[in-house]
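Protein chains in written order, with the numbering used here: chain A, 3 to 441; chain B, 213 to 692.
Rather than coming from a laboratory, the hints here were simulated on the basis of the structure.
Heads up, a few of these hints could be off.
Claimed, not checked - FRET-style restraints, in silico, Cβ to Cβ:
(1) A:D185 with B:D298: 45 to 51 Å
(2) A:A28 with B:A680: 55 to 61 Å
(3) A:N41 with B:T372: 32 to 38 Å
(4) B:P640 with A:G299: 49 to 55 Å
(5) A:Q38 with B:G601: 32 to 38 Å
(6) B:F692 with A:N41: 40 to 46 Å
(7) A:W40 with B:R365: 25 to 31 Å
(8) A:Q38 with B:H661: 44 to 50 Å
(9) A:Q38 with B:E363: 32 to 38 Å
(10) B:G601 with A:E36: 44 to 50 Å
Said to hold, decoys possible - Short derived list, chain A residues pointing at chain B, Cβ under 10 Å:
(11) T189
(12) L438
(13) E439
What the hints assert, rightly or not - In silico DMTMM-like cross-links for lysine to aspartate or glutamate, where the CA-CA straight-line distance does not exceed 25 Å:
(14) B:K576 with B:E511
(15) A:K156 with B:E367
(16) B:K527 with A:D185
(17) B:K294 with A:E429
(18) B:K576 with A:D25
(19) B:K580 with A:D32
(20) A:K356 with A:E429
(21) B:K576 with A:D19
(22) B:K373 with A:E439
(23) B:K574 with A:D25
(24) A:K356 with A:D432
(25) B:K576 with A:D13
(26) A:K300 with B:D307
(27) B:K527 with B:E511
(28) A:K300 with B:E679
(29) A:K300 with B:E511
(30) B:K527 with B:D307
(31) B:K515 with A:D25
(32) A:K425 with B:D307
(33) A:K300 with B:D678
(34) B:K576 with A:D185
(35) B:K294 with A:D185
(36) A:K356 with B:D307
(37) B:K574 with A:D13
(38) B:K580 with B:E596
Positions of the beta carbon are idealized from the N, C-alpha and C atoms, including for glycine.
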Amino acid sequence: MNPYLPHTPSDIRSMLDTIGVSDVEALFSDIPAEVQGWNRPLGLAPHDDLAVHQHLTGLAERSTGRGLIPFLGGGLYDHFIPSVVGHILSRSEFFTAYTPYQPEVSQGTLTWMFEYQTMICELTGMEVANASMYDGATALAEAVLMAHRTTRGKVVLVPSSLHPRLREVLATYAWGAGLALRDVPYTEAGRLALDGVPDGTCALIVQQPNGFGILEDLTGLKDCLRKTFLIAYANPIPLAVIEPPGSFGADVVVGEGQPLGNPLSFGGPLLGFFATRMDHLRRMPGRVSGQTRDVDGKTGYVMTFQTREQHIRREGATSNICTNSALCALAATVYLAALGPDGLRRVALLSWEKAHALAERLADLPGYDVAFDGPFFHEFIVRCNDPEAAVGRLRRAGIAVLPPSFLHPLGVHDGFIVAVTEKRTPEELDRFVVALEGK
Amino acid sequence: MSTIYDHGAPGRQAVALPQLGKVEQGLLGAIPADLRRRDGPRLPEVSQPELVRHYTALSRMNYGVDTGFYPLGSCTMKHNPKLHEDLARLPGFADLHPLLPPEACQGALALLWETAEHLKGITGMPGITLQPAAGAHGELTGMFLIKRWLEDRGELGRRTKILLPDSAHGTNPASAAMVGFTVVSIPSDRRGMVNLDALRGALGSDVAGIMLTVPNTLGIFEEDIVTITDLVHDAGGLCYFDGANLNAYLGRARPGDMGADVFHINLHKTFSTPHGGGGPGAGPVTVSEVLVPYLPVPEIARKGETYHLDWDRPKSIGRVHPYFGNVLVIVKALAYILSLGDEGMRAVSGGAVLAANYLKAKLKGAYKLPYDQLAKHEFVLSGEGMGNGVRTLDVAKRLIDYGFHPPTIYFPLIVKEALMIEPTETEPRETLDTFAEALLSIAAEAREHPELLREAPHETPVRRLDEARAVREPRLKLDF
């Protein structure tokens, strides 16, 4: 008997008697017979637990990439995840619960959502955050849609240095909403070169750090924009040590929260964070937990400002989002609580230090250079004559970096991108250098 | 209710990270002054025991499927198999970077390909994307696909309307609106099904398509489903099926055979992956032949025993996800499909429909049943006319006192005081009996001791909360 299906033949018999039908098939008499007749089984036999385990374990072991030392970034980063994160997440009262529609039996979820919103606001320098989006890319797309709803503008200024995957998802959403993307070039330092804001622009996007890993200077950008939205897409880790976009007047700060305690997961599930100003609250997508009191005056939490959401406002909603990335947001909450301000600063500075140490050594190698001279955080582009060959040499040394083709949409054809987190050891950095030295 | 910020003391930490020591000042100095953060983020400073106790305490204030019966209509809160949690944590899935070249992630690509093939077979549809991260994301993807199809045929400016039954989930109209479609509501008839005359009246050369939920949100199967999809196709539109209710006919019927052109599958409903307190889920979309050219890129393709990414789809809508979708959710769904096989899938829908009709039979004497049809996986009662001013909300809150999670309430909108009950196939008969007894007892209490309902719940960490105050005096984060 399948372990998830508890009804025995005698259960089924007595339930059918209560209903007053002869067999289970009779309960499907409302599905037209022709439709049922067209059904074709998969030809799949039921697997016992051992067989399921063996099949999935076999697939997991077939991916050889896991054995490589990862210097992989491009939006997702290999940071250390403290054991407490996984242990808290495996409390099934958290992960087998639904959206907290009944607050009296959901105070656990609603309380950590409130904590998460607080922490995201602290990191980004913003006033209000939602309880999560699917991923950074769709959070960015939703921020652009919000800017369009607010300003009515139909042009979006997009840096040429924006991470290609963000741009691709944004392009789909923008086309769907009838918006036009317009490129903003970059300087020789790899930083944004804003050359004016055309009429009808709803938003300027700035990625911090950008697709090259370069840290942008946000000073004065909002002054050029006036009512046009300044949308910052930020990596949350460096926000521990660099001034957050909120300080520069950003209207929305979004980003990919995976680096905060979530595994790489072959790219999903991820965590989109979304923060804005209180002025924009009623146009913000997604769920929000708010503090209130119960009938006895006791403090508690509810999902609030729900009149923005699809289940109330339907086609007038600020977004169609319903299911989000709650459990990944819980991971981020526990991660940030576990590290605290000092721990997060250390992760940021260690990543910074190791990335810069590697970059300096590579720049000293003949034939290799760091592509831009703008300040970078923990990811940088190595320029060389034959990036494919260089990546091949690294691969033979057991090191993985992103394929050079990742940079082609950014107009970079003579380099590859390297990300370094606090997890990389001095030996691994040595191995990287030695592989390119070719000795 | 304490938050994590109420615990700890300056200097405490719950994890030991490598020391920076003297280099720290030097490093901070290396950050250009105009970028350096002036005031650090205010994050909690707690030791590990404090952290663990706080979140364990929070977890105990939650109700999950592992806690008890969770008959939340439209949400398919079935048991979440434990084996699948372990499988999703395997490093070969969880620690794999999605931008590795395909030759380095063959196992993960095989996982996606196999799951895709099964889902195409289950839905009877030839094309699929696994990218959508949730059901509503799948709906949006479907709307993008229909828009691209119209664009390709030169009909975009002309076909601007999406038809929606008045019983639809709120995500449907919201998804259509995000792509610029105008939503037209189609009333239900006395059976709770799409009113065919109203549908015929609404169809025309300005209609892009229809979004249907099958069975609908009353838990009723559209008996005229083939007529409905034929009418829409004849009028030049496409048919979107919301797959939230696939659990009702899994292994017995296929949306592709019913005339669906786009179908989204909530893996976190029908395929048993946990809801996570609101997410993550996954919303793969299968499509009919006509929409295959427009699917998101890349396609995961197989040649012999090798998997690769196929980007050759010039008419594609592009990407809706930066990578492959919610892969760890897909791991659990594949494990579930394998464990069930064909016979198990039929048993799932059989058990779900049996449980729903069983509860309906037990409860229909005590509660109003506005649409007394054969139920599929769920049914809708009404708390109207319970007497003494008792409302559905009171019934729901009183159920908490009896140890149950309440059903979905006040949805679908076409039933006043709706109580939408979806038991799923994973509940033993004894649980269904206890739940029915609780609702019968509550119906009696409504007549004799209505205050017990109006003041419920009684034993929860907090009692009824002032939602108006939460809006009037918004406190959406801590004030420091």
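Evaluated hints:
Checking the proposed 45 to 51 Å range against D185 of chain A and D298 of chain B shows it holds: the Cβ atoms sit about 46 Å from each other. Against the hinted window of 55 to 61 Å, the Cβ-Cβ separation of A28 of chain A and A680 of chain B comes to about 48 Å, which falls outside the hint. Separation of N41 of chain A from T372 of chain B is about 35 Å and conforms to the stated range, judged on CB atoms against 32 to 38 Å. Between P640 of chain B and G299 of chain A, the C-beta spacing of about 40 Å breaks the proposed range 49 to 55 Å.
The hinted range of 32 to 38 Å is not satisfied by Q38 of chain A and G601 of chain B, whose Cβ atoms lie roughly 46 Å apart. Distance hint check for F692 of chain B and N41 of chain A: the Cβ-Cβ separation is about 60 Å, which falls outside the suggested range of 40 to 46 Å. Hint check: W40 of chain A to R365 of chain B, Cβ distance near 28 Å, so the stated range 25 to 31 Å holds. For the pair Q38 of chain A and H661 of chain B, the beta carbons lie near 47 Å from each other, so the given range of 44 to 50 Å is met.
Between Q38 of chain A and E363 of chain B the beta carbons are some 36 Å apart, a value that agrees with the proposed interval 32 to 38 Å. A C-beta distance of roughly 49 Å is found between G601 of chain B and E36 of chain A, which places it inside the suggested range of 44 to 50 Å. Using the Cβ-Cβ criterion of 10 Å, the hint placing T189 of chain A at the interface with chain B is not satisfied: the shortest such distance is roughly 15 Å. With its C-beta approaching chain B no nearer than about 19 Å, L438 of chain A sits outside the 10 Å limit, and its interface hint is violated.
Taking 10 Å as the C-beta contact cut-off toward chain B, the hint placing E439 of chain A at the interface is violated, the least distance being around 23 Å. Simply put, K576 of chain B and E511 of chain B have alpha-carbon atoms about 49 Å apart, too far for the 25 Å limit, and the pair is violated. Restraint check for K156 of chain A and E367 of chain B: satisfied, since their Cα atoms lie roughly 22 Å apart, inside the 25 Å limit. Between K527 of chain B and D185 of chain A, the direct Cα distance comes to roughly 23 Å. Compliance with the 25 Å bound is thereby established for this hinted pair.
At most 25 Å may separate the alpha-carbon atoms for a hinted pair to count; K294 of chain B and E429 of chain A exceed this at roughly 39 Å. Restraint check for K576 of chain B and D25 of chain A: satisfied, since their Cα atoms lie roughly 21 Å apart, inside the 25 Å limit. Pair hint K580 of chain B plus D32 of chain A holds up; C-alpha atoms about 22 Å apart against a cutoff of 25 Å. A threshold of 25 Å between alpha carbons decides the hint, and for K356 of chain A with E429 of chain A the separation of about 12 Å falls inside it, so the pair holds.
Distance restraint check for K576 of chain B and D19 of chain A: the Cα-Cα separation of roughly 16 Å lies within the 25 Å cut-off, and the hinted pair is therefore satisfied. In summary, the hint linking K373 of chain B to E439 of chain A is not supported, as the alpha carbons are separated by about 62 Å, beyond the 25 Å threshold. Using a Cα cut-off of 25 Å, the hinted pair K574 of chain B and D25 of chain A holds, with the two alpha carbons roughly 18 Å apart. Distance hint between K356 of chain A and D432 of chain A is fulfilled; the C-alpha atoms sit about 11 Å from each other, no more than 25 Å.
About 21 Å separates the Cα atoms of K576 of chain B and D13 of chain A, which keeps this hinted pair within 25 Å; it holds. For the hint linking K300 of chain A to D307 of chain B, the alpha-carbon distance of about 43 Å lies beyond 25 Å, and the restraint is violated. Between K527 of chain B and E511 of chain B the CA atoms are separated by roughly 13 Å; this keeps the pair inside 25 Å, and the hint holds. For the hint pairing K300 of chain A with E679 of chain B, the CA-to-CA distance comes to about 13 Å; that is within 25 Å, so the pair holds.
Between K300 of chain A and E511 of chain B, the direct Cα distance comes to roughly 53 Å. Violation of the 25 Å bound is thereby established for this hinted pair. Pair hint K527 of chain B plus D307 of chain B does not hold up; C-alpha atoms about 33 Å apart against a cutoff of 25 Å. The suggested pairing of K515 of chain B with D25 of chain A is violated, with an alpha-carbon distance near 45 Å, which exceeds 25 Å. Taking the CA atoms of K425 of chain A and D307 of chain B, the gap is near 13 Å; set against the 25 Å cutoff, the hint holds.
Distance check on the hinted pair: K300 of chain A and D678 of chain B sit about 10 Å apart at the alpha-carbon level, within 25 Å; holds. Of the supplied pair hints, the one linking K576 of chain B and D185 of chain A is violated, its CA atoms being roughly 62 Å apart against a limit of 25 Å. As the CA atoms of K294 of chain B and D185 of chain A are separated by approximately 48 Å, the hinted pair breaks the 25 Å bound. Under the criterion of a C-alpha separation no larger than 25 Å, the hint pairing K356 of chain A with D307 of chain B is consistent with the structure, at around 21 Å.
Our distance criterion of 25 Å between C-alpha atoms is met by K574 of chain B and D13 of chain A, whose separation comes to about 15 Å. In summary, the hint linking K580 of chain B to E596 of chain B is supported, as the alpha carbons are separated by about 7 Å, within the 25 Å threshold.
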